[in-house]
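Trainee: Listed in order, the protein sequences are those of chains A and B. Per full-length UniProt numbering, the first sequence starts with residue 1, numbered consecutively. Per full-length UniProt numbering, the second sequence starts with residue 1, numbered consecutively.
Treat the hints with care, as some may be off.
As the list makes no split between identical chains, a pair holds if one copy fits it or if it spans any two.
Said to hold, decoys possible - Cross-link-like lysine-lysine pairs, in silico, DSS-like; alpha carbons within 27 Å at most:
#1 Lys199 / Lys156
#2 Lys261 / Lys322
#3 Lys193 / Lys156
#4 Lys193 / Lys85
#5 Lys255 / Lys225
#6 Lys207 / Lys172
#7 Lys225 / Lys172
#8 Lys199 / Lys225
#9 Lys329 / Lys156
#10 Lys322 / Lys181
#11 Lys156 / Lys172
#12 Lys10 / Lys207
#13 Lys98 / Lys85
#14 Lys98 / Lys34
#15 Lys98 / Lys181
Hints are computed from structural coordinates only; laboratory data are not their basis.
Protein chains: 2
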Amino acid sequence: MPETRNQLLKVAIDAMGGDNAPSVPVEGAVQSAKSGLAEVFIVGDSDPVQQELAKHEIGGLPIHFVPSEGKIEDNEPPALAVRQKPTASILVATNLVKNKTADAVISMGSTGGAMAASVVLLGTIEGIERPAIGGPVIGSAPNQTILDLGSNLDCKPSQLLGFGVLGSVFSKLLLGVDNPKIGLLSVGSEEGKGNIQSKEASALFKKSGLNFIGNIEGNDLVTGKADVVVCDGFVGNVILKLVEGLGRGLASQLKASLMGKLTDDHLNALIEDLYKKNNVVDARGGGPVLGVNGVSIIGHGNASAGTVERAVGLAQMCVETKLIEELNKEVSMVMSTVDD
Amino acid sequence: MPETRNQLLKVAIDAMGGDNAPSVPVEGAVQSAKSGLAEVFIVGDSDPVQQELAKHEIGGLPIHFVPSEGKIEDNEPPALAVRQKPTASILVATNLVKNKTADAVISMGSTGGAMAASVVLLGTIEGIERPAIGGPVIGSAPNQTILDLGSNLDCKPSQLLGFGVLGSVFSKLLLGVDNPKIGLLSVGSEEGKGNIQSKEASALFKKSGLNFIGNIEGNDLVTGKADVVVCDGFVGNVILKLVEGLGRGLASQLKASLMGKLTDDHLNALIEDLYKKNNVVDARGGGPVLGVNGVSIIGHGNASAGTVERAVGLAQMCVETKLIEELNKEVSMVMSTVDD
Numbered sequence: 001m002p003e004t005r006n007q008l009l010k011v012a013i014d015a016m017g018g019d020n021a022p023s024v025p026v027e028g029a030v031q032s033a034k035s036g037l038a039e040v041f042i043v044g045d046s047d048p049v050q051q052e053l054a055k056h057e058i059g060g061l062p063i064h065f066v067p068s069e070g071k072i073e074d075n076e077p078p079a080l081a082v083r084q085k086p087t088a089s090i091l092v093a094t095n096l097v098k099n100k101t102a103d104a105v106i107s108m109g110s111t112g113g114a115m116a117a118s119v120v121l122l123g124t125i126e127g128i129e130r131p132a133i134g135g136p137v138i139g140s141a142p143n144q145t146i147l148d149l150g151s152n153l154d155c156k157p158s159q160l161l162g163f164g165v166l167g168s169v170f171s172k173l174l175l176g177v178d179n180p181k182i183g184l185l186s187v188g189s190e191e192g193k194g195n196i197q198s199k200e201a202s203a204l205f206k207k208s209g210l211n212f213i214g215n216i217e218g219n220d221l222v223t224g225k226a227d228v229v230v231c232d233g234f235v236g237n238v239i240l241k242l243v244e245g246l247g248r249g250l251a252s253q254l255k256a257s258l259m260g261k262l263t264d265d266h267l268n269a270l271i272e273d274l275y276k277k278n279n280v281v282d283a284r285g286g287g288p289v290l291g292v293n294g295v296s297i298i299g300h301g302n303a304s305a306g307t308v309e310r311a312v313g314l315a316q317m318c319v320e321t322k323l324i325e326e327l328n329k330e331v332s333m334v335m336s337t338v339d340d
Numbered sequence: 001m002p003e004t005r006n007q008l009l010k011v012a013i014d015a016m017g018g019d020n021a022p023s024v025p026v027e028g029a030v031q032s033a034k035s036g037l038a039e040v041f042i043v044g045d046s047d048p049v050q051q052e053l054a055k056h057e058i059g060g061l062p063i064h065f066v067p068s069e070g071k072i073e074d075n076e077p078p079a080l081a082v083r084q085k086p087t088a089s090i091l092v093a094t095n096l097v098k099n100k101t102a103d104a105v106i107s108m109g110s111t112g113g114a115m116a117a118s119v120v121l122l123g124t125i126e127g128i129e130r131p132a133i134g135g136p137v138i139g140s141a142p143n144q145t146i147l148d149l150g151s152n153l154d155c156k157p158s159q160l161l162g163f164g165v166l167g168s169v170f171s172k173l174l175l176g177v178d179n180p181k182i183g184l185l186s187v188g189s190e191e192g193k194g195n196i197q198s199k200e201a202s203a204l205f206k207k208s209g210l211n212f213i214g215n216i217e218g219n220d221l222v223t224g225k226a227d228v229v230v231c232d233g234f235v236g237n238v239i240l241k242l243v244e245g246l247g248r249g250l251a252s253q254l255k256a257s258l259m260g261k262l263t264d265d266h267l268n269a270l271i272e273d274l275y276k277k278n279n280v281v282d283a284r285g286g287g288p289v290l291g292v293n294g295v296s297i298i299g300h301g302n303a304s305a306g307t308v309e310r311a312v313g314l315a316q317m318c319v320e321t322k323l324i325e326e327l328n329k330e331v332s333m334v335m336s337t338v339d340d
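Whenever a hint applies, use it, and build me the whole structure from the sequences.
Mentor: Structure below.
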């Protein structure tokens with residue numbers, strides 16, 4: 001029988017992370033508390049955060065302020081920054097999950113910083129060397145999870161297998177896909193096509209017990225042939241940025257060629273629709289760091305307060321579906337099929 | 001003073017290659033001879049090719065038939081097929097270049113087969129381990145050469161440097177780009193971002209004397225930030241197929257959402273325009289195998305006779321611009337900057 005959660009979700013929000021920090025994270029946190037989504041712990045430098053909080057009516061709401069000092073910047077090498085700035089907001093916020101004050105942490109700041117903090121404070125799941133980030137990328141396949149999207153640039157075949165497990169659990173629990181089909185991105189669907197890495201990974205997938213459908217190719221991403229697409233973070237990041245770039249380029253190209261031929265309303269609706277279909281990453285509020293022992297959600301740097309709220313909703317889903325427990329179970333099962 | 005060619009270009013055409021062989025290659029060959037583009041050597045199985053030739057008025061035209069037996073299929077391992085089928089059309093045709101009967105060879109058949117034949121019979125340029133294929137891929141950047149597109153899946157950093165030279169000469173001589181800017185595809189434009197392969201390649205590019213602009217990212221492909229984009233064939237092939245797939249997907253998506261809102265003429269023109277902008281590979285007739293000591297053009301399997309004619313035009317350009325001599329000169333200069 002599924003357990004029901006009677007307690008309100010407790011979320012630590014990194015108030016210093018993102019392009020419009022601390023105003024946007026604070027506003028998103030307040031909204032989340034107001035709407036009854038969560039009890040929030042707002043973590044950040046005292047003065048600026050208190051100033052932002054003063055702009056909102058927060059009397060009686062489940063909002064706490066937790067002071068930190070400094071932040072990890074986007075351009076800092078994350079591993080080093082985590083060691084050099086122990087009082088930075090993302091570390092203090094992630095620590096609230098570690099010591100079980102909060103159920104989840106959310107940051108719109110440096111992706112590398114949030115990942116490094118989660119690895120150091122929450123630890124990786126046994127069998128996973130480094131966590132991954134993944135999610136839907138291509139508009140025509142909104143329930144297709146691609147991973148890794150950039151955190152693991154040089155991958156051993158067994159790491160790709162790990163991504164398959166992480167992606168499969170993500171797909172099942174957070175996207176509601178039943179028995180997700182896992183495809184390995186390569187240059188040909190035939191057996192034996194690929195580079196050394198993908199050929200070795202393919203052999204591991206075959207004996208993994210996962211629902212592996214074999215190699216898929218670049219064009220298969222568009223049709224969503226696989227529910228989970230496994231690739232290394234170098235390839236995934238190129239895909240992510242290429243698709244975003246093409247979406248932007250296309251919108252302006254279309255706008256130019258259709259100006260005057262459609263009503264402005266039709267044109268704007270079309271462009272917005274196309275933009276959404278080609279930039280699906282924004283819509284979800286963010287994605288969980290996959291492979292660490294705790295819920296850590298990374299959002300887009302240019303998030304709005306609404307994005308922060310959606311990220312809180314995602315955190316809730318991770319907690320309610322017992323994402324971390326399920327990941328531990330599945331990873332342990334699948335990784336035991338790999339000989340060392 | 002530039003030499004002028006008084007002689008007609010001599011081209012060997014693999015009549016057995018492509019989805020509609022031998023009818024399309026034969027028709028394209030006949031057209032090329034008729035239009036005064038080239039003296040053609042049609043290579044293929046006697047009966048079917050003679051039957052096709054009989055359908056055309058070829059009296060007095062510079063057309064020769066050269067018999068071969070069998071062909072290399074798309075799904076055959078090329079290296080093996082080249083050894084096992086010495087009489088296959090692509091081998092007989094490529095041999096005409098080797099023995100200087102023809103200036104160039106053109107095939108719409110197996111890419112791997114044509115590359116393997118060119119390596120075995122023409123040899124690679126000194127300093128190049130294996131040839132590459134490259135060319136424009138993204139419609140919004142029609143003069144941007146991306147290579148390798150799939151023939152080299154596991155690349156050493158020095159091979160990436162080689163692609164840079166090959167692409168640079170291709171860009172200059174065949175696309176008319178002056179002093180082409182070379183970018184290395186990676187996951188961040190900052191110094192030091194990338195996987196092991198790209199970081200090592202970046203160091204080689206920096207001391208190569210090439211016009212290297214550093215790392216570029218997936219979104220930079222859309223804007224054509226670099227004239228030559230260097231990546232390994234695994235990444236290049238994923239990009240090529242993804243872009244083709246997105247172009248197709250988008251055309252049908254737009255068609256559905258604009259039906260009835262635009263006149264049919266406008267709609268069809270728009271779709272065609274978009275298709276062309278997103279499938280630039282077709283427009284050129286094919287691409288040369290880059291890095292072998294002779295002109296070998298590979299075209300699309302679903303080519304029309306017009307494509308074959310365009311491929312003959314491309315062959316002419318390769319010969320007239322002295323592509324092979326220039327490649328030898330540049331490769332030798334740049335590869336001497338690499339310590340072994």
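Trainee: Which hints from the list above does the structure break, by number from lowest to highest?
Mentor: When the structure is compared with the hints, numbers 2, 12, 15 turn out to be violated.
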